[in-house]
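Undergrad: Sequence:
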Amino acid sequence: MKKGIVVAGSINIDMVFSLPRLPLLGETVSGGRFAAHPGGKGANQAVAAARLGAPTVFLGCVGEDSWGDFLLAGLQQAGVDCSYVTKVPGPSGCAGIYVAAGGENMIAVATGANSHTTPEKVIRAREVFSTARVLMTQLEIPVETVAAALELAKSAGLISILDPAPVKALTPEMLSLVDYITPNALEASELTGIDVHCWNTADQAARKLRSMGPETVIITMGKQGAFFSGPQGHVRILAPRVVAVDSTAAGDAFNAALAVALAQGTEPDIAADIAAAAGALAVSRAGAQPSLPTLEELAQVVKLPW
Numbered sequence: 001m002k003k004g005i006v007v008a009g010s011i012n013i014d015m016v017f018s019l020p021r022l023p024l025l026g027e028t029v030s031g032g033r034f035a036a037h038p039g040g041k042g043a044n045q046a047v048a049a050a051r052l053g054a055p056t057v058f059l060g061c062v063g064e065d066s067w068g069d070f071l072l073a074g075l076q077q078a079g080v081d082c083s084y085v086t087k088v089p090g091p092s093g094c095a096g097i098y099v100a101a102g103g104e105n106m107i108a109v110a111t112g113a114n115s116h117t118t119p120e121k122v123i124r125a126r127e128v129f130s131t132a133r134v135l136m137t138q139l140e141i142p143v144e145t146v147a148a149a150l151e152l153a154k155s156a157g158l159i160s161i162l163d164p165a166p167v168k169a170l171t172p173e174m175l176s177l178v179d180y181i182t183p184n185a186l187e188a189s190e191l192t193g194i195d196v197h198c199w200n201t202a203d204q205a206a207r208k209l210r211s212m213g214p215e216t217v218i219i220t221m222g223k224q225g226a227f228f229s230g231p232q233g234h235v236r237i238l239a240p241r242v243v244a245v246d247s248t249a250a251g252d253a254f255n256a257a258l259a260v261a262l263a264q265g266t267e268p269d270i271a272a273d274i275a276a277a278a279g280a281l282a283v284s285r286a287g288a289q290p291s292l293p294t295l296e297e298l299a300q301v302v303k304l305p306w
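Residues 1 to 306 in the working numbering are what the sequence shown spells out, letter by letter.
Do not rely on the hints blindly, as some may be mistaken.
Calculated cross-link-like contacts (lysine-lysine; reagent style DSS-like; alpha-carbon spacing at most 25 Å) [stated by the list, open to error]: (1) Lys87 x Lys121; (2) Lys3 x Lys121; (3) Lys2 x Lys87; (4) Lys154 x Lys121; (5) Lys223 x Lys154; (6) Lys154 x Lys168; (7) Lys303 x Lys2; (8) Lys121 x Lys168.
The hints are simulated quantities; they were obtained by calculation from the structure and are not laboratory data.
Given the structure is predicted, the values throughout are model-derived calculations rather than measurements.
Required output: the full structure, derived from the provided sequences and hints.
TA: If you want it as structure tokens, here you go:
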């Protein structure tokens with residue numbers, strides 16, 4: 001069985017400010033700490049999948065600036081295949097991340113080189129789709145590029161996972177290409193018009209999202225866990241209890257563990273349980289990529305069926 005992962009997505013330098021609390025509009029909050037880490041939803045998911053033992057290929061762009069080599073090194077050190085990462089003129093993508101003492105965060109992103117991740121670049125990498133099992137993609141790269149990746153995945157028989165963040169308008173044609181969509185509660189609310197604030201409203205939103213195209217919907221609900229809705233049924237998934245430190249890469253850890261488990265042939269609802277455990281582990285640590293668990297660490301908190 002093919003077990004490889006293809007990730008088409010963003011790569012950023014994360015400028016992380018750890019603060020006593022998040023600032024209000026127009027307010028300055030002092031007394032925090034600063035650190036710079038490699039990040040971006042796509043790169044985080046690629047690193048997370050590689051740390052979980054999956055052969056992982058990343059498709060994306062970095063800038064010809066001082067951060068480009070730093071970002072590439074972060075992927076390569078994790079064991080990610082960077083053969084299809086392109087250096088382009090201009091700055092690399094950058095995210096300003098503000099993290100409160102309780103782990104909540106606010107994020108602003110300057111797209112930079114990620115806007116150069118075009119459909120043509122994905123199509124030129126079509127051969128990697130023939131050797132993989134799962135595609136992960138997100139919306140920090142152009143929507144038309146995401147659509148091209150999903151089309152390639154569908155034609156190659158891959159399982160596709162779309163993390164719809166940041167939320168953008170998605171056509172019915174594009175959603176019909178998605179096997180798994182994994183919004184958080186806020187994103188599910190924006191996509192469906194249903195205010196997702198409890199299990200019942202998560203169920204309603206998940207059913208509506210499934211009617212829009214994706215076969216399986218998993219709505220992540222923070223410390224509550226996640227709501228799974230698919231052909232196998234509708235299940236509340238409880239996350240392990242942890243002390244929240246930084247939720248920045250929780251969704252990326254969740255998606256990567258889901259992808260790795262599905263690539264191993266794990267049943268979807270069990271794969272979602274494993275994903276919730278990975279997300280909880282990431283929340284318990286600071287930083288984006290530094291917080292992502294290894295396979296050994298994940299196996300200590302949840303049973304892995306492979």
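Undergrad: Indicate, hint by hint, whether the structure satisfies it.
TA: Going down the list of hints, with the structure as the test:
With a C-alpha separation of about 12 Å, the suggested pair Lys87 and Lys121 falls inside the 25 Å cut-off, and the hint holds. The straight-line distance between the Cα atoms of Lys3 and Lys121 is roughly 23 Å, inside the 25 Å bound, and the hint therefore holds. For the hint pairing Lys2 with Lys87, the CA-to-CA distance comes to about 29 Å; that exceeds 25 Å, so the pair is violated. Distance check on the hinted pair: Lys154 and Lys121 sit about 17 Å apart at the alpha-carbon level, within 25 Å; holds.
A hinted pair counts as satisfied when its Cα atoms are at most 25 Å apart, and Lys223 with Lys154 does not qualify at roughly 33 Å. Distance hint between Lys154 and Lys168 is fulfilled; the C-alpha atoms sit about 21 Å from each other, no more than 25 Å. Proposed proximity of Lys303 and Lys2 is supported: the alpha carbons are some 22 Å apart, at most 25 Å. This hinted pair checks out: Lys121 and Lys168 have alpha carbons roughly 21 Å apart, not beyond 25 Å.
In summary, the structure is inconsistent with hints 3 and 5 from the numbered list given earlier, while agreeing with the others.
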